[in-house]
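Chains as they are written, first to last, in my numbering: chain Z, 1 to 209; chain E, 1 to 209; chain F, 1 to 209.
Think of the hints as simulated: they come from the structure by calculation, not from any bench.
Keep in mind that the hints are not guaranteed to be accurate.
If several chains are the same, the list does not tell them apart, and a pair holds so long as it fits within one copy or across any two.
[What the hints assert, rightly or not] Below, simulated SDA-like cross-link-like pairs (lysine to any residue); rule was C-alpha separation at most 20 Å, straight line: (1) LYS118 x PRO77; (2) LYS50 x ASP158; (3) LYS50 x ARG62; (4) LYS50 x ASP16; (5) LYS118 x ALA44; (6) LYS118 x GLY162.
Predicted model, so just to flag it, every value in this text is computed and none were measured.
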Amino acid sequence: MGLREVLIPQDRVFFDLFEELANIVVEAADLLVRFTGAGLNPVACCPQMKDLEHAGDLVTHRIYHHLNRTFITPLEPEEISRLASVLDDVLDCVEGSVQKMRVYGVEESDDVMRQLAKLIQLSTVELQGAIQGLRELKDAGSVSARVIEINRLENLADDVLGHAFMDLFKTNDPIRILKYKDIYEELERATDRCETVANMISDIVIRHT
Amino acid sequence: MGLREVLIPQDRVFFDLFEELANIVVEAADLLVRFTGAGLNPVACCPQMKDLEHAGDLVTHRIYHHLNRTFITPLEPEEISRLASVLDDVLDCVEGSVQKMRVYGVEESDDVMRQLAKLIQLSTVELQGAIQGLRELKDAGSVSARVIEINRLENLADDVLGHAFMDLFKTNDPIRILKYKDIYEELERATDRCETVANMISDIVIRHT
Amino acid sequence: MGLREVLIPQDRVFFDLFEELANIVVEAADLLVRFTGAGLNPVACCPQMKDLEHAGDLVTHRIYHHLNRTFITPLEPEEISRLASVLDDVLDCVEGSVQKMRVYGVEESDDVMRQLAKLIQLSTVELQGAIQGLRELKDAGSVSARVIEINRLENLADDVLGHAFMDLFKTNDPIRILKYKDIYEELERATDRCETVANMISDIVIRHT
């Protein structure tokens with residue numbers, strides 16, 4: 001990496017852009033946690049969430065655009081484009097979950113939403129750290145620890161979802177079940193996508209060390 | 001590309017096969033638009049749709065088979081096999097949506113189906129153009145414009161789906177909601193898959209220019 | 001491969017690990033068939049299924065770990081990590097389906113579950129064979145025959161699902177539909193994932209022969 005860094009420092013811009021995208025993902029998760037917290041209407045964050053999703057799309061497009069104009073990249077071009085795409089997927093799930101609340105007219109969060117939002121937030125912070133770790137590809141150990149933690153959080157989210165379904169079906173209200181099941185699943189999917197990103201970062205570190 | 005074209009013109013067959021597959025995808029979307037149009041039973045197109053899906057599978061297998069016997073390919077072997085697979089996914093979603101109508105006994109299309117069918121059709125025509133653009137890998141600009149348009153159409157489909165869900169839940173009829181939600185989502189998924197193909201073509205163009 | 005085998009026989013460990021993982025997947029499918037068989041409560045196999053899923057995760061992590069420490073691998077590093085990941089997905093779907101039965105309080109299997117379990121079992125045995133075939137990358141014909149068979153089984157599972165949905169909606173019981181639809185779809189997804197693995201093995205064989 002030494003020679004490459006000296007010759008083409010401008011390629012470091014990819015890491016800047018990934019960190020920028022990760023920051024937006026964390027910001028969206030923070031927003032979700034704040035608005036699913038007691039007392040707020042989660043749907044009220046829709047406009048801000050839409051802005052974050054749009055900001056994420058712009059960064060993703062800048063990554064593609066820069067890739068288009070750069071001959072020597074610090075990672076494989078395909079790694080860069082796929083990583084941008086899956087990071088963007090996390091953002092889409094977070095945004096998608098509040099959109100579903102809006103569409104279904106759910107104006108109050110419940111404990112399940114709060115718990116899942118918290119797990120998403122913790123996962124995105126780990127992702128942010130793992131992405132910062134990409135810049136120095138030597139630190140495989142720290143990235144690996146974060147990947148394991150994200151796996152653990154995803155398993156927790158899975159458990160939360162299982163218990164939530166049990167409670168939900170006890171209501172015996174099919175319309176309510178249809179709505180909440182969809183929202184819970186979208187929230188849980190966000191933790192799945194975090195795991196996908198984590199595994200991809202792990203693969204990248206493996207290939208480059 | 002010049003030398004390669006002279007030496008191994010037979011490899012152009014991959015582009016012929018991709019165009020053939022894209023034509024089938026467009027044909028399936030046209031069929032969907034025609035049969036979700038006013039007055040026709042959409043389920044009546046199932047046999048023709050099944051034939052198109054089968055024709056698509058055959059082309060996909062010919063792509064794999066040809067890949068198996070060709071040493072020098074115009075794109076990476078993995079790019080070729082993945083592109084064939086995701087293009088086939090679009091066809092599966094289109095066919096899947098009329099299969100769902102059949103299974104659920106939905107014999108009349110509604111406005112949502114018509115709107116989504118139209119968006120699918122527009123997306124597949126853009127895809128067809130992007131695939132023709134693969135042959136001449138220099139024209140990244142035109143491919144990029146099509147990718148942006150497909151993104152726009154996918155966002156529109158997303159909006160249609162949101163409004164459709166709001167209306168659907170107003171019926172308060174859980175069985176109806178279960179059926180139509182499933183069909184609408186499968187239709188919207190077709191536009192998602194078009195976006196996946198578009199992004200993959202965009203990646204290929206980036207890597208080869 | 002000859003020279004490589006002499007120089008780095010320790011790399012054969014990847015094939016050992018893949019076979020170990022495939023054996024666990026087959027074991028999970030066998031367990032599913034046994035417990036969806038007449039007279040047993042399928043939920044009763046949850047603890048054993050969880051153990052198998054955990055065993056699968058450990059093998060997957062050993063594959064990643066070994067990849068991390070090996071400079072010359074018999075397949076591309078990315079092929080190895082992705083194959084491990086999709087094989088693990090099959091296991092997750094099988095485990096997920098009995099978890100869903102548990103969550104939904106479904107303590108008796110029906111014919112649909114039995115039929116899908118059988119199709120999953122047949123698919124995993126084909127997968128096991130295809131993975132054994134990876135060791136000798138020359139035998140593309142035999143792998144290809146297994147891929148075609150797995151495709152056929154997946155189509156059968158699709159038909160079973162279609163008929164199951166028709167019967168299920170006849171009950172007109174939305175809660176029951178919600179539960180069983182989810183379980184059936186998870187079972188069918190296991191055959192989809194088998195197809196994904198099969199296609200990936202097929203791609204690997206194409207690239208290495």
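Tested hints:
1. With identical chains, the CA atoms of LYS118 and PRO77 are never at most 20 Å apart, being 33 Å at best within one copy and 34 Å at best between copies.
2. In this assembly of identical chains, the alpha carbons of LYS50 and ASP158 lie at most 20 Å apart only when taken from different copies (13 Å versus 26 Å within one copy).
3. For a Cα distance limit of 20 Å, the shortest separation of LYS50 from ARG62 inside one copy, 18 Å, qualifies, whereas the shortest one across copies, 41 Å, does not.
4. In the homo-oligomer, the alpha carbons of LYS50 and ASP16 never lie at most 20 Å apart, since the shortest distance is 22 Å inside one protomer and 41 Å across protomers.
5. For the identical chains of this complex, LYS118 and ALA44 are intra-copy neighbours only, at 18 Å inside a copy versus 32 Å across copies, given an alpha-carbon limit of 20 Å.
6. With identical chains, the CA atoms of LYS118 and GLY162 are at most 20 Å apart within one copy only, with a shortest distance of 17 Å there and 26 Å across copies.
Checked against the numbered hints listed earlier, the structure breaks hints 1, 4; every other hint is satisfied.
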